[in-house]
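Number of protein chains: 6
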Amino acid sequence: MAKVVTFGDIMLRLSPPGNQRIVQSRSFDALYGGGEANVAYSLSQFNIPVKFVTKLPKNMIGQAAMNSLAAFGVDISDIILGGERCGIYFYEKGAAVRASKVIYDRKNTAISKVKAAEFDWDKIFTGAEWFHFTGITPALGDNVAQVCMEACQCAKKLNMTVSCDLNFRKNLWTSQKANQVMTTLMPYVDIAIGNEEDAEKVFGIKASSTDITKGMLNTDGYKDVAKELVKRFGFNKVAITLRESLSASENGWSGMLYDGKDFFNARRYQIQIVDRVGSGDSFSAGLIYSLLNGYDGQTAIEFAVAASALKHTIEGDYNIISEEEVMSVADGDVSGRVQR
Amino acid sequence: MAKVVTFGDIMLRLSPPGNQRIVQSRSFDALYGGGEANVAYSLSQFNIPVKFVTKLPKNMIGQAAMNSLAAFGVDISDIILGGERCGIYFYEKGAAVRASKVIYDRKNTAISKVKAAEFDWDKIFTGAEWFHFTGITPALGDNVAQVCMEACQCAKKLNMTVSCDLNFRKNLWTSQKANQVMTTLMPYVDIAIGNEEDAEKVFGIKASSTDITKGMLNTDGYKDVAKELVKRFGFNKVAITLRESLSASENGWSGMLYDGKDFFNARRYQIQIVDRVGSGDSFSAGLIYSLLNGYDGQTAIEFAVAASALKHTIEGDYNIISEEEVMSVADGDVSGRVQR
Amino acid sequence: MAKVVTFGDIMLRLSPPGNQRIVQSRSFDALYGGGEANVAYSLSQFNIPVKFVTKLPKNMIGQAAMNSLAAFGVDISDIILGGERCGIYFYEKGAAVRASKVIYDRKNTAISKVKAAEFDWDKIFTGAEWFHFTGITPALGDNVAQVCMEACQCAKKLNMTVSCDLNFRKNLWTSQKANQVMTTLMPYVDIAIGNEEDAEKVFGIKASSTDITKGMLNTDGYKDVAKELVKRFGFNKVAITLRESLSASENGWSGMLYDGKDFFNARRYQIQIVDRVGSGDSFSAGLIYSLLNGYDGQTAIEFAVAASALKHTIEGDYNIISEEEVMSVADGDVSGRVQR
Amino acid sequence: MAKVVTFGDIMLRLSPPGNQRIVQSRSFDALYGGGEANVAYSLSQFNIPVKFVTKLPKNMIGQAAMNSLAAFGVDISDIILGGERCGIYFYEKGAAVRASKVIYDRKNTAISKVKAAEFDWDKIFTGAEWFHFTGITPALGDNVAQVCMEACQCAKKLNMTVSCDLNFRKNLWTSQKANQVMTTLMPYVDIAIGNEEDAEKVFGIKASSTDITKGMLNTDGYKDVAKELVKRFGFNKVAITLRESLSASENGWSGMLYDGKDFFNARRYQIQIVDRVGSGDSFSAGLIYSLLNGYDGQTAIEFAVAASALKHTIEGDYNIISEEEVMSVADGDVSGRVQR
Amino acid sequence: MAKVVTFGDIMLRLSPPGNQRIVQSRSFDALYGGGEANVAYSLSQFNIPVKFVTKLPKNMIGQAAMNSLAAFGVDISDIILGGERCGIYFYEKGAAVRASKVIYDRKNTAISKVKAAEFDWDKIFTGAEWFHFTGITPALGDNVAQVCMEACQCAKKLNMTVSCDLNFRKNLWTSQKANQVMTTLMPYVDIAIGNEEDAEKVFGIKASSTDITKGMLNTDGYKDVAKELVKRFGFNKVAITLRESLSASENGWSGMLYDGKDFFNARRYQIQIVDRVGSGDSFSAGLIYSLLNGYDGQTAIEFAVAASALKHTIEGDYNIISEEEVMSVADGDVSGRVQR
Amino acid sequence: MAKVVTFGDIMLRLSPPGNQRIVQSRSFDALYGGGEANVAYSLSQFNIPVKFVTKLPKNMIGQAAMNSLAAFGVDISDIILGGERCGIYFYEKGAAVRASKVIYDRKNTAISKVKAAEFDWDKIFTGAEWFHFTGITPALGDNVAQVCMEACQCAKKLNMTVSCDLNFRKNLWTSQKANQVMTTLMPYVDIAIGNEEDAEKVFGIKASSTDITKGMLNTDGYKDVAKELVKRFGFNKVAITLRESLSASENGWSGMLYDGKDFFNARRYQIQIVDRVGSGDSFSAGLIYSLLNGYDGQTAIEFAVAASALKHTIEGDYNIISEEEVMSVADGDVSGRVQR
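Those protein sequence lines, which keep their order, are chains A, B, C, D, E and F. Mind the numbering: the first sequence is residues 1 to 340 in our numbering, read in order. Mind the numbering: the second sequence is residues 1 to 340 in our numbering, read in order. Mind the numbering: the third sequence is residues 1 to 340 in our numbering, read in order. Mind the numbering: the fourth sequence is residues 1 to 340 in our numbering, read in order. Mind the numbering: the fifth sequence is residues 1 to 340 in our numbering, read in order. Mind the numbering: the sixth sequence is residues 1 to 340 in our numbering, read in order.
Okay, chain A solo, but in the shape it has when bound:
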């Protein structure tokens, strides 16, 4: 039985090989991913029983999306089959001064048309302790936000922990709409997770003295963001990923955790990027894993940041990395020496 349940979208991801641009490419690498699916995959790799819930069309693309999760043990038994299409996104990997680009083609998908009646959350949550979703899911439509709300309510009823990665997507909704919808969901959330811009874009809570397009972060500024989030919504914990965008090829990466009392800052990694998509999700998974295991604040944030630092080196949305590998990095072995 799944300990963690995540709910959201999963898309076909199409990316040109290597450093090619979409417009010049004659083939696309085909993988699958999406915020909550990525979290589920990562947790399953960490040996946490986890279930991913979504709706997918009954065709080979939907089947392949499910297989990609089942391959590593994610419970897909509550995925609903139906609807017309699976979302697609095109991902072009940047380099140096050329930014990575994403083209979304995710409208009118099966998941975007779901109705609340399709999901029996009491049954889905049987035996589960944790429910996770991201800000992407309610952004798919009012109907999906409604399903999210029911899932949250059911989870709270069952005394489950609820975590939410704010994950603002400007293509899906405006800040105003996001604020309105997310504000109704936050009362059910225990653990809020965000990156360096989510709190501002969703709730208008801005870190002071930071310009994210300039690469450098003012870490202290984010302490105020965390405090304000706790103050406004009463979260049990707030975790923030801290990215320094040095270039499309190299990033600084860290994170902090605030438990309403203390701040825990993780080690900072400087990373040559293979694929940074899904790094936020891998952070969420690392955090959920840590908290389920009862890790203290410092250990938890170190594990979550190490897990997501490793994600930057893995092709695809999924963080194909084991507990042992994360722990080795979290414990300080970043030499990259060949392991024979």
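Any given hint could turn out to be false.
Intra- or inter-copy, both count: the list cannot distinguish identical chains.
[Unchecked claim] Keeping only pairs whose Cα atoms sit at most 16 Å apart, straight-line, the calculated EDC-like set for lysine to aspartate or glutamate is:
#	residue 1	residue 2
1	Lys177	Glu118
2	Lys58	Glu323
3	Lys58	Glu324
4	Lys101	Asp333
5	Lys123	Asp224
6	Lys231	Glu118
It should be emphasised that the hints constitute simulated quantities derived from the structure, not laboratory data. Model, not experiment: these values are computed from the prediction.
Given the coordinates of chain A, work out where chains B, C, D, E and F should sit on it, guided by the hints.
Frame of chain A, contents of chains B, C, D, E and F only:
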């Protein structure tokens, strides 16, 4: 200035490499194609000035679709940019007893949302002699059918020849709806083109004694189909492709032309298939080329069938083949000997 | 809970791309497969709950082997982790007069070192109705044969049906040894399955008037083989696949079923081969599926032969094909027409 | 009608995938490029109507070279077909301390055999405002230098602006020969462009205190070079690219513009290199675009340097990048953050 | 010490992957081959010590060409390094009615510029028994024909056997020129080898009643060709390959041997073609191997035809096949059954 | 005749393309390599006649391993054919904080089962001056250590120089066993080579103040290691590679040579890593080459370090690099500028 104008959809075509199934593939070959785009490409290869008209989103996918046509000289200057997405289709190549499969994801595309006011056909048709469309285009929606109608009316006003490949697509509309819409368009059409089942599916005109799933065709039965089409709609000419589906790997291929008086039957080819998508379009292009060049009936149908026989050996929707190559086959050299 | 349990080896399969020879190749396509694993995969595709049991090393190769099965729903929860290596086989695809070649590197694998005490068959078989193994498994070593024996005994104790694909492998044992070991296992077997040479190689029961290297089969000769098998071991049913090896590129394919009273002969397919590895396993899966569904003899053999005919068109050991697809072919649609 | 015309060579470029060496590679990525072709491609991407003039053999390689330009809108209508072969160059990408290597196989090509009579420059230049060539073209042979001369003379007669990238190639001619030929062409040139060594190799004008093999540049030294060039040839403007060769994997990149009065220095970029071939050409295109748009000196050099900094991240000779993308970088966003 | 010496050209062979056309391909598979190099490679595979003599440029392409032969044991120690370029040929694989195409780019190569003084044949031939060349070599230029002549004269002086594959190439010379040059070389030749059209194209000796573009051969007609060749030039033996060009995908293949007295006809193979380039060379190698081994006429021609039948199934010019594999086919096993 | 002889293992190396993990890969790049084979390959590239001795199975994998060496001139004439399998290792390339991983599957290989009687070292060493082996070879088993011992004894008898790369492999033996076996072999060794941890792992000689997992090295500490090695075993020279493991993507690289009197320290390179496998072997080859050429200590260590710095940029185990290329880097050109 373009001599021929074609109007319709163009999609991103995604196909697993080699003989892989969609569900097992980790990459898709990415090409572009669509009925009328394929005809335009082929005519351009035959050195006929040709323009393709459609609407595409202003992103890298739309750009790549346009580039694929411009690369070989198709005039794309009247393509409208806008809308949300480019259609996609997944194509899985079959083999032996396993049929090839197509999954369409072509709803809500830029072309499917066009309005008549967006197209100035008088300007588009400047200097043109021929307008070609297929049954796929009006099937995209009543709005697109309306644009088609206006294009046809303008073409007739300008004394252009109008050809239509009936091309029934059961995913886009029912036979009943097709019959209704196509019947209103046929009065403007001079040359009707169809395959072994289009006339039946669109107009209920069935060839006698033929079961297309059994591989073997009763060629004579199609003479009655052609006669009935001419009788009902007053076409100047009717051309029918004749496919014998021996297996997914090997087909018989031929065609006939009826000019209202005489029947012209082309040589039959037995073909080991590389890629049969777009073979009907390559036939249309071969026929248009032949008629523009004033070829007699027998020469015209031989050229059109040879062109489309060759298409079966070319990867992708486009028939990348020159006039000389078609003529060599039409003249009887099918030995496949190495040309040094 | 799994309805069917299969037990045996699964190997990493390395094959040069396309038609390359092993000696000239700079890369190998990497897939996983093995007799009983292939049967499990296929049954899972047919929506039969199925469990595959083996032992695999605790490394990324073992993990990938498990993932390949879990991806499509095979229950891998009773796979034992341990041992030193996963078996490997190199597969070079032949063409025309050049035979396909297999190089096995499967000694000293985890599965070849198992001990009976490692498997709790009562627990493994909980809720199961059917146990399937092939002649490859006992050929891996006397210890593995012993595990097989215990599995058979437990299965019979639980009133499960036991099927065995004789599957003689001359690299693993001699005919003499095979005869000796297999003879001790046959009393537990209800359904025996073999190809055109297994009965001869394992039990010395030869079809009359047939030379398998000449391509042509004397189907009648195999009736005697089936009768003799039933007579000697009291099988409930015997099924035989019938291959005509016309060349490495094209085969005739059929099969027969004998229920101790009547013979049922399936339609014969002529197939352009994509990948024939695992065709016997796909036949076994088709037969098990049919018998679990209570199909009559003719329907059962037609389904099994259609399923395995389709396998010849799929890359890899696994028969990635659905019930619907098999039924369509079994019902006679072998035209290979594009399915849109 | 083309606003800019460029004239020169275009070659088939063959490069091993990834970081492979030519001697170990079993396949070559096949693209097309050449100095003036690259400039034309880039200008077309910037929406400047542009025509590329050359001579290519009438075979599939010549056709593919043309298609590569037509795909993105370059006018190829004045390319002459004939001659025996298309030039080829092999490009091996270096890494770290291993330098990239180029093997040219460009003798006896169609373009190298052209005669002046083949080109009607008055007709070719109809409606054009700008003519661009590089030092490579006259280096192909005295006959080609003569065609260049006639093009320059015609361009000046028509009051067109003429730009020349000095682009010294030691495989094609000696410094002495280059000096002699280029000196006769410079009187027709308005805008001279060079890299950190061209002025020295072609005209013996050396920057003081700089050793280009040591990575570090003395930027001031190049001011004297620019001044001397203006003094000697009366150029309207001189632009110089400034490369710091830190390693084959990472370069510093900048540039300066001198208008005979003021010096404009662009921002310096530190770039992880994907493919640096054609970076000088992308600089020329950026400069021509800027000057055609009437940008001031600082804006012009920033655009040109940003465009060519981006080129280092694009596979192939062509700078597949839009005006908007260049402007975003020129405006200072070099964070490489994912653009969704 | 080499028993056999071959002398001629070796080229870089560039071919689009799979069934792509050259004009649409973005990569080329890169292999090496040439008439006499192919014969040397094949003999080395058959464990005959063999040396290949040519001239290659001192760059990575030349090096790769040499490595391709050395890898399987061909003695390359007498290859001369120098000259400017290695010949290149583009090979596009046909299918069904679309013929395979070759574009040669082999002028001005190192081998085409050799002078007689560069080769010390007495030293090269030390210990050798057999010298082989093809009609391609003297066709490279009068200078190369002169080198060939000296090699032949030296070989005869040393009592070596000389074999020549007539191999007419219309791109290299006219029939008239070929006749003139080859006539001077034939007196030194013991074994003449040709395909179905060489004798006609080089010496005007035509098989009666045969049209090679129609697929079907009149085998008897070639007996007269063989007789006439023996009569005219006094050959010890004449061998002729017999190809029936059914399509680009499927050929009939056989051969005959005439020893001046008796005719030996080999079995006919019907072959699904993977790559037919070099099939003539593999036939020559099979014949040389057989005659060196003292096989009788029937055994010799069966081995040569089986070897070359197998070549049609191997990618590249080289016949990567062992003695044992050829013998198995020559002995009649053409079932293509998997060899485990 | 070979000047240098090396003896040891060669394995099939399977690595996922690009940055993929083994568990997610669907294909493996297939190359061959092993300590002493790599040294032989590199020496052959430096034009030193060299022979590699091993035992390989008589199948296509063994053949491909041999071909990989013969391709670039390594003498393989004393490789023994026989045994059951060729060793395999899986290599997964790391990035940034993710370490590269190697999975060995090298037990029960042909080389691991050799017996002393199989090797006639007097004959093998005919004409040779130098014998090289690594600590991997005796680690394969006591029988192999015995063969090593006999080779060493024979080499000393013939007054050859013997070099040994200590190369500790913890998967093959313990430090205790290594110490015991290697101690018996060291008396025959003239030149000892090691990396930053070998001396400690094999002989317990630890560099002071260095933590190799932290990236930074205390170079001085290694002087004591070298001194102690000379003191303990009487080596003529000791060479040590010095790696700073900054991350899996970037390393510092240098080396030192101690001739019993003086220390020679090479330049330090900072390297973006393409493939670091075999870098120690390329260092050994560079050192052997230098000493055979009589280079002085400083020149020798600079050449060896430059050669192995370059190895980090080459895909595969083999250092595909020429003398000239090494010398250019050793002489200080590390700008990576394109060489045209």
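Quick rundown of the hints versus the structure:
1. In this assembly of identical chains, the alpha carbons of Lys177 and Glu118 never lie at most 16 Å apart, being 25 Å within a copy and 32 Å across copies at closest.
2. When the C-alpha separation of Lys58 and Glu323 is checked against a cutoff of 16 Å, the pair qualifies only between copies, where the shortest distance is 14 Å, while the shortest distance within a copy is 34 Å.
3. For the identical chains of this complex, Lys58 and Glu324 are inter-copy neighbours only, at 13 Å across copies versus 37 Å inside a copy, given an alpha-carbon limit of 16 Å.
4. Taking identical chains as interchangeable, the C-alpha atoms of Lys101 and Asp333 lie at most 16 Å apart only when they sit on different chains, with a minimum of 14 Å there against 32 Å within one chain.
5. Neither within a single protomer nor between protomers do Lys123 and Asp224 lie at most 16 Å apart by alpha-carbon distance, with minima of 39 Å and 56 Å respectively.
6. Neither within a single protomer nor between protomers do Lys231 and Glu118 lie at most 16 Å apart by alpha-carbon distance, with minima of 35 Å and 53 Å respectively.
When each numbered hint is compared with the structure, violations occur for hints 1, 5, 6.
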